[in-house]
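Visitor: I would like the entire structure built from these sequences, with the hints used as guidance.
Just so you know, the sequences run in chain order A and B.
Residues 1 to 367, numbered by my numbering, are exactly what the first sequence covers, in order.
Residues 1 to 367, numbered by my numbering, are exactly what the second sequence covers, in order.
The set of hints was computed from the structure by calculation and includes no laboratory data.
A hint or two may mislead.
Heads up, the list lumps identical chains together, so a pair's fine if it works in one copy or across two of them.
Unchecked claim - Quick list of in silico lysine to any residue cross-link-like pairs, SDA-like style, CA-CA up to 25 Å: (1) LYS367 <-> GLY325; (2) LYS226 <-> VAL138; (3) LYS283 <-> GLU349; (4) LYS283 <-> PRO59; (5) LYS367 <-> ALA192; (6) LYS204 <-> ARG87; (7) LYS283 <-> GLN62; (8) LYS283 <-> ASP56; (9) LYS367 <-> GLU327; (10) LYS63 <-> ASP256; (11) LYS81 <-> THR107.
Because the structure is a prediction, the values reported are computed rather than measured.
Read off the chains here:
Number of protein chains: 2
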Amino acid sequence: MHRRPVLSVMVTFIFPMLLGVTLATGQQPAQTPAAAASTEMAPLRVPARIIPVPTDVSPELQKAIARLPTLREQGAPAIPKSIEGWRKFIAAGDNASLQQLAQLRKTFPVNVSSQVISGVKTYTVVPEQIAPENGSRVLVHFHGGGYLLAGGEVGIGEAILMAYHGRIKVISVDYRMPPDYPFPAALDDAVAVWKEVIKGCNPKNVGLFGTSAGGGLTLATVHKLKELKLPLPGAIAPGTPWSDLAGTGDTYFTNDYIDGVIGNYEGFLRGCVELYAGKHDLKDPFISPLYGDFRGFPPSILTTGTRDLLQSDTVRVHRKLRQAGVEARLQVFEAMSHAEYLLLFDSPESREAFEEIARFFDTHLGK
Amino acid sequence: MHRRPVLSVMVTFIFPMLLGVTLATGQQPAQTPAAAASTEMAPLRVPARIIPVPTDVSPELQKAIARLPTLREQGAPAIPKSIEGWRKFIAAGDNASLQQLAQLRKTFPVNVSSQVISGVKTYTVVPEQIAPENGSRVLVHFHGGGYLLAGGEVGIGEAILMAYHGRIKVISVDYRMPPDYPFPAALDDAVAVWKEVIKGCNPKNVGLFGTSAGGGLTLATVHKLKELKLPLPGAIAPGTPWSDLAGTGDTYFTNDYIDGVIGNYEGFLRGCVELYAGKHDLKDPFISPLYGDFRGFPPSILTTGTRDLLQSDTVRVHRKLRQAGVEARLQVFEAMSHAEYLLLFDSPESREAFEEIARFFDTHLGK
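Guide: Listed below in structure tokens is the structure:
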């Protein structure tokens, strides 16, 4: 049925206004063999452009986007060149994030306590009222931060938002991280907590979620549970998951400079990869879950935005889940950069994203 | 709960590597009041960039993308300045498309016949074998082409792909178009055909679908059926719908020059808007269905790609459907430009997109 590629199609079929088509004659543009060969896999040179602040987003997101030009002018911070430099980078970042966390906690009051589960530090977040349907349910949370940042209490912001919007108990895993604990420490901690959490409860009543590195760890954990033949969660919610540490997604390039939250792969992310994965194969599914086998995965909801540098990391996982026959949903927010549904926690978009995720868990988790 | 916008959040929370954050001190960058005011809604100036051919797409899509640099160098065709010029533009475009259609028909053999339904020209596409579950079902198709192109037989390519992949009967509406028949002729034709098709069959067994302008017309038709209190279809599949002729979507800018299929809003699309909408309000929901009320819409599946100029037109409709409580699915293909699942009809992505849409119709249409 699909005997050969049709390369000349896109230029004229239905949309003949395409660049390079000589419409006056209806002919294809002339192209010398040399020119054709030289551009066989040639990159696209995109000229400088001006991108206005979008109009169809919340005032909160508009104002965040409007700050971009000033931030860009000031340039990106230097990436550390030593382990000691990374420790300072991490400490400074987490310190700044703690100030935001205080504001988040004031806005979304919940009860937080800390426990050690199977030797792993965790935080339990309980909303003021647990919804009746969530009485026997719990969510396990993995924070983001490139497998470097947001250790300790700094990482519980998303757990609070989920507990608050979903009226459900959340256990946030303070998994070990580099420089001291590279892969597979984080994954080992995730699995250790999982094993303990499902003791004495139905695993189908338990969901996993997280954003960015936490979304990647959510997916990697399910791959690992499959390998270990352990029970799987009832549903998962990987938010803009860092699913491909090899950095092959197209939006790493198309949304470079447009994403307002993270720099391109060659900056901070490359540093994270080196510290987390070391010499491991970056296409190991436990490091880059995109490369795993998604058959048998639980129902999944994925969240991203049109400006997200990791939109490709998200939509490629969504396609793989669908190809594997998994119930998988995708939500994409207008003009949203990486993880902004979490960072702009007091915006309508954030509320909408978490409420949608909460509905998905409610539909698919056991009771 | 959501008392005030938190504007300073995104810079430091969780991802403090953000541009402009002085990590050494953990402080916010200094900003003079004047600078802050001047950048309040300032556009982002994105520098020139180089975007490689993506690796995680089919060879067919890779080769289409690899042709972009050459096409770009040759520049876009001039947009006509007169009605007579538009007639030539349309004729040349449709003539070129006809050659592609011949190839499509060879690859996907189906039976095609033409009928006039309620005074509207239509084509009925019947696959060689109708699936047993589709015996009492039919899909109504609206072709794309900016409400200008693909009139007559040229427009049936998508109907053939849907009939073939879905093993279902499709009626493709050859609705009237400018220059001679501007809005609301197309919508009137869509409604006229709908009224006739549902005579003697259960409307819930009938689906609507289309791509680009055809996706917009799919949505506008449902808005109109609601207004007329006519029965609604059982499910719809608007593919990268042109839902906002006012052109406010963020990806009109972020994917400008990156989308390989259509130029920016100011070129061909602006011409389409002027010829189709004339002096009508561009935010009229029957012209730009994004601005309508989506409550009560039938289950909907939307398709787009990460490079799609109309990704914002697609994902904003998806959010509005979800906000209205409608069962709505979104599929986004890696590195795909506007409507390429249709244009690259002999690619794995095309097959995957149409098979997913077919499954959606099978799940939601009556039998």
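Visitor: Just pull the numbers of the violated hints for me, sorted ascending.
Guide: 6, 11
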